[in-house]
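A.B. asks: Here is how the chains run, residue by residue.
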Amino acid sequence: MINYIPIINILILILFSFVMMLIKKNNIVKFISLASNVFIFLLSILLVKKVLIEEVITLSIGNPSNLLGIEFYVGKSEALVGLVFTFVMVMILWYSKFNLEKEVEENRLSFFYILINILLASLLGVIYTNDLFNSYVFIEVSTLSACGIIILKDKKENIKATVKYLIMSTIGSGLVLMAIAYIYSITGHLNISNIHEIIINNYQFHRNAVLIILGLFTVGLGIKSAVFPLHSWLPDAHSSAPTPASAALSALVIKVYVFMLMKVLFRMFSYEIVNSFIIMDIILLLGSMGMIFGSIMAIMQKELKRMVAYSSVAQMGYIVFGIGLGTISGTAIAIYHIIGHAVTKSSLFLISGLFIKKTGSKKIEDLKGIGREMPFTLGLFTLGAFSMVGIPILPGFISKWYLSLTCIEVGRVPLILIILASSLLNLLYYFPIVINGYFGNENLEGKIYKSKKIPFVRLLPIFLLVLSMIVIGGMSYNLIGLFSI
Amino acid sequence: MDIILTNYFETGAVILFGVGFATLMLHRNLIKKIIGMNIMDTAIFLFFIAKGYIKGKDAPIIINSFKGVDSYINPIPSALMLTGIVVAVTTTAFALALTIKLYNHYQTVDLEVILRMRGENND
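Chains as they are written, first to last, in my numbering: chain A, 1 to 485; chain B, 486 to 608.
You may find that some hints are simply not true.
[Stated by the list, open to error] Think about it this way: if two alpha-carbon atoms lie no more than 16 Å apart in a straight line, the pair counts; the simulated EDC-like pairs of lysine to aspartate or glutamate are:
1) 164(A) x 555(B)
2) 362(A) x 105(A)
3) 302(A) x 366(A)
4) 25(A) x 106(A)
5) 156(A) x 101(A)
6) 97(A) x 157(A)
7) 542(B) x 555(B)
8) 153(A) x 197(A)
9) 156(A) x 543(B)
10) 358(A) x 154(A)
11) 586(B) x 303(A)
12) 586(B) x 154(A)
13) 153(A) x 105(A)
14) 164(A) x 597(B)
15) 357(A) x 303(A)
[To be verified] Only part of the chain B face toward chain A is listed, based on derived beta-carbon distances under 8 Å:
16) 493
17) 504
18) 509
19) 525
20) 555
No lab work stands behind these hints: they were computed from the structure. For clarity, every value in this text was computed on a predicted model and none was experimentally measured. Don't be surprised by glycine CBs; every beta carbon is placed ideally from N, CA and C.
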């Protein structure tokens, strides 16, 4: 029974999304959506428990042999990433129960919950599946539903951002499908494990084709996950979407494609094959550029949500950097950073939503003195910012520390300078908010203590996200040991 | 040169892909971008189906009697591309709907003009 949890998760989410379409009352829709997500969160815990004992669960759908049927492959990293994603999604839904009405019109409210269910189902599908074409279909479903939750706010800039996102990601999925066509023509398989068995012996005869495939996958999935020079759609899309939607997009959606890239590079090919091509150096270069330029562009932003969105570009740089190192430990840190950043960035986005709602302004400069009005909320924001900058124990520090250790391990010591520079740049845009919020006499003048306080019950989802962030940081040693592709 | 001529399906598909990709990247008009997107998708469908096609063999549908495994083409690429077509149609429909909305708000479908308009009222 537990073996079937991956497919049950996806089917429950899709089934309830169609049930929700038939229901007119928003309160019932909210309840169904939260209940289905909590249920799959519990199922994911069972799955993780099972996978920790059995190492790997494979599940063939449609046909018992993996030559004809679609295969799901759930290892430790897939199960844990799926668990964290469902957890973050439950918290986002809990938050949106109180806060979404302000941003989305009443008659569009139920679409958010429908689309979130389809989105999470497709994200879990991309994580669990071991079949290239199946993952392409899930990628397309996730892109369309992500476009849907951006356009829920019927404003000019939302439509513009969605068009930009849709066109960019169409290019990306076109390239991915072309890459799948190439790999199918070389190997005659779509199952990642079967392709691996064939290509490991024959790649020397098709070096050019393998290089083209690697390039197409990297660029195609790179566009979708906003790797640095291909990120131009991200700030518009993530900052104009309703707050819970931008939290889901920034914390979960872009991560999935990079996870898929890891599966393609290291499970379908192998460390040995990809390291013999120039592509890993290019990925490393893109990651380093993202770490630096993403932060520099975040410093220049004047709006809070745009700044947090650009910070996502920089953080994607860390993940891509970990992949580009091309070692087992680099991949483990990349997966750890996916989890750590999913929790951190979703809490930061949700808190920014609360600030914008309470102050009524999107600008960073209007947040001066907010620490006196909303001390506890800014405290949670500070913890998230600490993690981004890299204060010990929090996940951001752990990723940076182990990335530096891996750089030394592979003999590329100068790269540590890039990690250090990026940390300092992170400090430059997160700390002014915290410092101007809490300190400075002219900032605090005329602000009444706790005047914009939010009841603790409504802060609870964010509190739980920050708490889990600290737990993930504390358990880092055990967690990183579990991750492999 | 010989390789290009013998694999004329693949050559055609890659040229079409290039045409579609260039249209998608270089044109400012949103409708032309969507047309480019469709050309690109069609090129991939052609490439994929050419991979499953064997000259002189039938479609894998049994009429009257089974003629043996050797006399049919590979059905998997065709089946996959059926899904691919569905995905492409959905994306096109969504993109066209967005274009209508965009035109209602901005009175133009020129993406350059629209992107330049940012920062006027709310940025």
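A.B. asks: Look at each hint and say if it fits the structure.
C.D. replies: Now for the hints, and whether the structure bears them out:
Distance restraint check for residue 164(A) and residue 555(B): the Cα-Cα separation of roughly 47 Å exceeds the 16 Å cut-off, and the hinted pair is therefore not satisfied. The straight-line distance between the Cα atoms of residue 362(A) and residue 105(A) is roughly 20 Å, outside the 16 Å bound, and the hint therefore fails. Among the hinted pairs, residue 302(A) with residue 366(A) is consistent with the structure: their alpha-carbon atoms are about 10 Å apart, no more than 16 Å. Between residue 25(A) and residue 106(A) the CA atoms are separated by roughly 10 Å; this keeps the pair inside 16 Å, and the hint holds.
For the suggested pair residue 156(A) and residue 101(A), the alpha carbons sit about 19 Å apart, so the restraint of at most 16 Å is broken. At roughly 24 Å between alpha-carbon atoms, residue 97(A) and residue 157(A) are farther apart than 16 Å, so this suggested pair is violated. Between residue 542(B) and residue 555(B) the alpha-carbon distance is near 8 Å, which keeps this suggested pair within the 16 Å criterion. Distance restraint check for residue 153(A) and residue 197(A): the Cα-Cα separation of roughly 48 Å exceeds the 16 Å cut-off, and the hinted pair is therefore not satisfied.
Between residue 156(A) and residue 543(B) the alpha-carbon distance is near 52 Å, which puts this suggested pair outside the 16 Å criterion. Distance check on the hinted pair: residue 358(A) and residue 154(A) sit about 22 Å apart at the alpha-carbon level, beyond 16 Å; violated. As the CA atoms of residue 586(B) and residue 303(A) are separated by approximately 26 Å, the hinted pair breaks the 16 Å bound. Using a Cα cut-off of 16 Å, the hinted pair residue 586(B) and residue 154(A) holds, with the two alpha carbons roughly 10 Å apart.
A C-alpha spacing of about 8 Å is found between residue 153(A) and residue 105(A), which places the hinted pair at or below 16 Å, so the restraint holds. Note on residue 164(A) and residue 597(B): the hinted pairing holds, with a Cα-Cα distance of about 11 Å set against a maximum of 16 Å. For the proposed pair residue 357(A) and residue 303(A), the alpha carbon gap of about 14 Å is at most 16 Å, so the pair holds. The interface hint given for residue 493(B) is broken, as the beta carbon of that residue sits about 15 Å from the closest beta carbon of chain A, more than 8 Å.
Taken as an interface hint, residue 504(B) does not check out: its beta carbon lies about 13 Å from the nearest beta carbon of chain A, beyond 8 Å. The restraint placing residue 509(B) at the interface with chain A holds, with a minimum CB-CB distance near 6 Å, inside the 8 Å limit. Contact between residue 525(B) and chain A, as hinted, is supported at the beta carbon level, the nearest pair being about 5 Å apart and thus within 8 Å. Evaluation of the residue 555(B) hint against chain A yields a violated restraint, the C-beta minimum of about 16 Å exceeding 8 Å.
Checked against the numbered hints given earlier, the structure breaks hints 1, 2, 5, 6, 8, 9, 10, 11, 16, 17, 20 and satisfies all the rest.
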